[in-house]
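A.B. asks: The residues making up each chain are set out below.
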Amino acid sequence: MANPLLKEHVLLRHRDIEDIHKIDVYLAHDGYRALEKGLKEMTPDDVTNVVKASGLRGRGGAGFPTGVKWGFIPKNLNPKYVVVNADESEPGTFKDREIMESNPHQFIEGVILCAYAVGAETCYIYGRGEFWTLFHGRMQEAIDEAYEKGFLGKNIFDTDFSCDMYLHLGAGAYICGEETALLNSLEGLMGQPRSRPPFPAVAGLYAKPTVVNNVETLANVTPIVLHGADWYRQFGTEKSPGTKICSLSGRVNRPGNYEVPLGTPIRYLIEELGGGIIDGKAVKAILPAGASSSNMGADKIDTPMDYESMAAAGGMLGSASFIILDETINAVWAAEKNVKFFKHESCGKCSPCREGTFWLTSVYRKLREGYGTKQDVELIETIINQMEGNCFCLLGEFVVPGVRTSLELFRNEYESLASEENEVDQPQKDLIHTFF
Amino acid sequence: MSDNVTLTIDGVQVTVPKGTLIVEAAKQIENEIPVFCYHGKMDPVGMCRMCLVEVGQPAIDRGTGKPELDEDGNPVVRFFPKPMTACTTTVSEGMVVKVDTSEAAVDDRKAVLEFLLTSHPLDCPVCDKGGECPLQDLTIRHGPGNSRFDYEDKQHFPKRYPLGDLIVLDMERCIICARCVRFQQEIAFDPVLAIENRGRRAHIVSYSKPGFDSHYSGNTTDVCPVGALTTRDFRFGARAWEMTNVPSLCNHCGVGCNTVLGTRAGTIRRIMPRQNEAVNELWICDKGRFGHHFNGSPDRLTTPLIRKGEELVEATWDEALSLIGEKFGAIKSANGADSLGGIAGARLTNEDLYVFQKLFREIIGTNNIDHRVGLSAALEDETAFTVGVGVGTDLGSVGKGTTILNIGADLDQDAPILYLRVAGASVKRGAHVINAGGRRTKLDAQVQTTLRYNYGSAARLALGLLASVVSQGLVAKEWADSRTSGMADLEKALKNFGADKVAEATGLTTNAIDAAAKAFAEAENGIIIFGLEAGNDPALRAALEALALATGHAGKPNNGVIAVLPHANSRGAIDMGILPDRLPGYKPVESNAGLSAVEMLTAGGVKGLLIAAADPAVESESYKQALQQLDFLVVQELFLTETAQMADVVLPAKGNAERDGSYTNLERRVQTFDMGVPAPGKAWADWLIFTGIAGQLGADWAYASADGVMAEITQRVPLYAGMDFKNLTAPISLQRKTEHYIYEGMSFTTDIREGIQWATVAESDSAPKIPLRFIEPAKASSQEQGLTLVAPRMLYDGGRLLAEADVVNAHILEPQLMLSRSDAQKLGVSTGDSVTVSQNGTAITVPVYIERTVSEGVALLPRNLAGRPAEKLVGPNGLYSTVKVEKS
Ligand SMILES: Cc1cc2nc3c(=O)[nH]c(=O)nc-3n(C[C@H](O)[C@H](O)[C@H](O)COP(=O)(O)O)c2cc1C
Ligand code: SF4
Ligand code: SF4
Ligand code: SF4
Ligand code: FES
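Protein chains in written order, with the numbering used here: chain V, 1 to 436; chain B, 1 to 888.
Derived by calculation from the structure, the hints in this document are not laboratory data.
Be a bit skeptical, because a hint or two may be false.
[Unchecked claim] Mimicking PhoX-like on lysine-lysine, the simulated pairs with C-alpha atoms at most 20 Å apart in a straight line are:
(1) V:K208 <-> B:K495
(2) B:K66 <-> B:K82
(3) V:K40 <-> V:K154
(4) B:K442 <-> B:K477
(5) V:K340 <-> B:K154
(6) B:K477 <-> B:K501
Just so you know, these numbers come straight off a predicted model, no measurement behind them.
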């Protein structure tokens with residue numbers, strides 16, 4: 001699968017090299033050389049510094065500079081942990097899965113390098129519950145191979161550095177992708193976010209210093225250490241260096257993962273890589289970061305896909321899961337789907353999110369079923385205003401931009417569903433949820 | 001850097017210690033930020049978002065590092081873009097907080113309330129919390145006027161879901177603040193509640209079996225900020241505003257929890273805790289909360305009864321009292337004063353007990369009085385007089401630097417709220433707690449060190465610890481030299497209690513003994529707690545007293561010894577001299593010491609007996625026989641107990657809710673309670689009855705009230721000087737109140753009183769040196785073959801008062817022998833099988849229950865259960881003995 005923008009993939013190397021998931025193939029293609037270089041030729045601080053210099057930013061969504069994050073880990077508190085966020089639950093995101101399925105060693109190597117850099121000897125990879133087959137198959141096999149070859153375990157490359165790696169599956173909750181909820185879940189507690197401070201870097205897993213990074217982020221670390229920061233910076237932009245895997249889905253002809261240098265315009269992703277819109281229809285809206293995104297109108301299709309430009313255009317790059325809506329899609333229907341998702345996934349810890357998402361679904365349903373009024377359209381706006389800034393964690397805040405931009409861009413669709421009358425009699429529903 | 005920070009809240013400056021939360025800082029200036037999930041006793045969680053405020057900080061110029069100033073030279077304040085939760089944000093210097101002065105924050109809080117109400121059933125008219133409900137109150141103050149939520153879409157949950165048999169959940173009302181879950185986790189250390197599922201489906205569940213298995217469950221109904229949790233006995237019992245709230249005290253154990261009686265139309269509708277930071281903080285245990293139903297029981301005695309042949313027939317007070325006067329007078333003139341005697345239970349107040357002993361000592365002229373029957377006979381204590389914990393001791397605040405040594409008290413059963421405070425000191429505040437006991441108890445899970453000694457070796461353990469302190473050179477020389485005497489003799493005596501010997505006797509390692517001794521001696525504060533299962537052994541008490549003195553852990557706050565005496569006024573009974581050989585205030589009886597309860601309850605001991613608030617007939621068959629042989633028996637009681645049924649005259653007494661009085665708790669804190677409800681029929685307060693009897697025998701006492709009796713006590717018992725009711729009920733200082741009192745979750749307040757502790761000898765610098773006592777412990781009983789049968793006390797026992805509380809009946813154990821799995825296997829029995837337990841020719845048959853907390857070699861059969869099977873084997877005053885167990 002040729003990618004005209006990249007001579008060779010940096011992350012999706014399996015697309016260039018067959019069977020790279022097998023350790024022998026991986027070893028034949030520079031496999032674990034970055035680790036050897038890191039352990040033998042570099043101090044832990046050197047590793048952190050090269051990652052800092054590369055300008056790598058977190059691929060889990062927030063885009064926080066990875067090297068800077070590692071630098072926050074206090075040196076004198078032990079033990080420390082590396083926790084990999086493989087929860088990948090954002091609707092429309094499926095990049096980490098491909099890395100782990102097809103190029104696991106590059107990722108594992110990056111995790112070990114991270115552990116070396118921060119002084120951790122234990123790594124946990126926390127995957128969403130649906131990764132059962134992957135975690136019991138390919139990922140575990142890859143870890144076993146790495147142990148066999150001595151890349152994990154005691155005294156790696158005969159150095160003082162030892163490192164263990166464990167896989168852990170969640171029970172299928174979006175909130176467990178939020179790093180503090182993830183840590184709670186990993187500890188066996190309820191998957192609800194923690195208050196910050198303290199930040200995980202200081203008091204994370206079992207209240208010990210912990211780095212939490214996304215799968216893709218760490219997969220980037222391997223080539224950075226091997227080839228250096230300058231090499232890495234040949235891709236992407238000044239502030240958003242490197243390549244990024246974009247998960248493309250929605251009304252396109254060729255959905256899938258595409259690795260592109262950061263700064264590539266959205267149009268290129270949709271039209272060149274994704275083969276354009278089904279039946280040649282027009283783009284209606286772009287959701288660049290799954291359910292958590294704002295809707296970018298079709299006029300934003302030339303925005304370069306890097307952190308700054310996306311933000312400037314009123315969107316966000318997030319995990320780069322582009323969901324494309326075309327003119328056949330009703331905006332209210334699409335927004336309701338996202339709202340329902342959040343209602344289902346709200347952890348219930350704080351009232352604005354727990355009740356706000358529940359309330360929003362109620363109003364959306366009314367509108368869609370034809371019982372809504374003009375006031376209900378305004379009510380939607382009020383509810384998100386009341387949620388905004390008031391939630392305990394970002395999940396609740398993520399609800400707001402999608403709904404707000406949907407209303408802004410497509411208010412006519414909402415109003416056309418709303419009745420002219422102030423009160424509409426709706427039939428009695430059997431919408432009684434009873435639990436226990 | 002100073003430890004205080006100054007900030008501005010709604011334009012008002014306030015200076016508070018660093019680390020203070022914004023809510024708490026605001027409280028100092030009476031700016032009440034609304035909260036739901038926040039509770040001053042629990043870690044903040046920031047869940048409900050009710051306390052949102054706008055927060056700004058002085059802007060710092062990056063270049064100079066100095067605060068930025070505006071044109072007028074005032075610091076520029078930069079506000080955070082999002083509102084902050086005042087319950088999780090700590091203050092910082094120069095911070096500006098806007099609560100009511102920020103329109104945005106006011107709107108945010110209104111928004112949160114509207115969210116909370118979307119799922120709320122709004123059934124205030126039938127909700128028990130109505131009228132004292134934070135959700136109701138805060139909605140009126142901060143909330144929207146009406147709801148925009150589509151009523152049809154309300155989420156429905158069961159309205160009546162029993163979490164356990166005491167607590168009922170109405171999940172529709174729950175606002176998921178997790179206070180109940182957190183209380184159980186952080187304060188009760190019984191993490192039996194949880195939130196299950198997520199989002200709007202989240203709901204409260206109990207995972208324990210049986211449901212909500214905790215002695216503290218009722219407190220969750222107080223901390224719940226809505227009517228989601230209710231107690232089974234109060235549900236729909238009364239509206240909050242219809243009740244009168246009367247300050248009272250719990251009468252079920254020695255902790256002395258402060259309570260408030262919610263009364264209406266002459267009955268107690270509920271009991272809730274009354275905050276006393278020195279005793280029970282904001283909590284009471286479930287026995288205290290649910291065990292009040294005896295008060296209104298239809299079985300209460302309502303009128304004096306006089307024996308006519310086989311029958312007890314109703315009589316007037318005049319008839320009853322003059323009959324007693326006549327009979328007691330006749331016995332005295334025929335056989336002398338010492339042919340009369342009295343037994344008074346430690347459930348009576350100080351005033352009752354004082355008048356009781358005065359009646360016997362001054363009017364009748366005998367020292368034949370005692371309070372030691374039943375549990376009171378199983379644990380005595382005189383150490384409080386010398387080394388009781390110092391005045392001002394606060395187990396709710398001790399932490400790092402304090403070592404607490406608990407020997408033989410199962411605090412979760414014996415003194416539940418003390419358990420919370422000791423466990424909290426360990427888990428939350430980092431005190432080193434050493435839990436020494438003959439079996440596993442609940443406290444073990446919360447402490448740093450556990451010592452499991454062989455039953456019967458507690459005194460040797462205490463002496464071993466003392467010897468280890470000496471041999472490790474850890475004696476607090478300066479204090480011991482200046483304040484104690486007899487160190488040289490003690491050291492000599494301790495030679496026989498070297499670590500090796502003690503290790504053998506106790507079954508502990510020498511290392512464990514040395515480490516515990518070191519941890520105790522080297523701590524800044526040292527507190528010793530001992531209880532029933534350490535054995536009623538003067539050698540133990542002397543050793544503990546010497547241990548406290550030798551390590552300097554005496555004579556100051558947060559140091560000294562606490563005996564976990566069994567009853568509400570056990571301490572008071574000793575203070576008031578309800579002992580044949582001790583007068584009020586620990587003065588020994590010079591000559592002619594009287595008979596003990598056991599001696600009076602021996603055939604031929606006395607001819608006439610007055611028994612108040614005690615029921616020896618159920619304790620033992622031999623007591624019963626002795627009672628039958630009396631010439632004349634008077635019983636003063638709440639119920640027609642077994643003993644009362646044998647009486648010649650039965651006198652109806654008032655329960656503690658029906659009168660006022662004072663109790664002295666196990667930390668020597670004297671506290672008063674008020675009258676809450678009228679007594680049934682013609683019942684009298686006990687002190688009045690004793691006064692009446694004294695009158696028949698020629699006294700002319702004119703006590704008008706309990707208060708009046710206390711006035712005399714303050715004159716005649718120096719320890720109680722100054723403890724008149726006026727002082728005992730005096731409000732605490734405003735400063736202490738603002739700093740320590742919260743009254744979260746209750747919209748009513750009743751008097752806050754802290755009571756007064758009397759000072760020990762060790763606290764007085766001018767007192768003569770305290771002799772270090774040593775008593776040789778009894779020889780370990782010959783190695784009899786068999787299991788050690790232990791008869792501990794359970795919180796829910798078969799006592800008469802609790803038996804009247806239907807609501808907790810299910811918690812009262814049926815007699816059963818609790819065995820370890822391995823012993824059960826050896827005997828070839830499993831749970832439910834019956835066994836015969838025998839000792840010295842006495843045998844009983846009970847079912848077996850395999851209990852994992854029981855160690856091998858030990859069998860538990862709680863005392864005070866129906867039929868008193870344990871007492872048959874260990875004796876009415878005993879705690880353990882070696883028994884033979886066979887499959888029957
Ligand atoms: C509601 C929510 C869900 C999230 N889900 C994920 C996820 O599935 N995977 C992920 O890597 N990061 C997720 N994040 C971001 C993480 O909290 C965290 O920022 C990230 O793991 C840090 O790694 P990075 O710096 O390598 O991006 C989520 C954040 C929130 C608030
Ligand atoms: S915003 Fe609140 S309810 Fe929503 S997921 Fe975060 S903590 Fe849970
Ligand atoms: S039951 Fe009460 S205390 Fe418990 S979470 Fe619900 S509202 Fe809070
Ligand atoms: S701990 Fe004791 S005094 Fe306190 S409520 Fe319970 S039984 Fe009553
Ligand atoms: S009181 Fe502050 S968030 Fe609940």
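A.B. asks: Please work out if K340 (chain V) and K154 (chain B) have their alpha carbons no farther apart than 20 Å.
C.D. replies: With a Cα-Cα distance of about 16 Å, the restraint between K340 (chain V) and K154 (chain B) holds, given a limit of 20 Å.
A.B. asks: Between K66 (chain B) and K82 (chain B), is the straight-line Cα distance small enough, at 20 Å or below?
C.D. replies: Given pair K66 (chain B), K82 (chain B) is violated - Cα atoms ~25 Å apart, limit 20 Å.
A.B. asks: K208 (chain V) and K495 (chain B) were given as a pair; does the straight-line alpha-carbon distance stay at or below 20 Å?
C.D. replies: This hinted pair is violated, its Cα atoms lying about 48 Å apart.
A.B. asks: Measure nothing beyond the straight line between the CA atoms of K40 (chain V) and K154 (chain V); if it is 20 Å or shorter, mark the hint as holding.
C.D. replies: 15 Å, holds
A.B. asks: Assess, step by step, whether the Cα of K477 (chain B) is no farther than 20 Å from the Cα of K501 (chain B), and give holds or violated.
C.D. replies: 26 Å, violated
A.B. asks: Does K477 (chain B) sit within 20 Å of K442 (chain B), going by the straight-line distance between their CA atoms?
C.D. replies: 36 Å, violated
Hints 1, 2, 4 and 6 from the list above are not met by this structure, while the remaining hints are.
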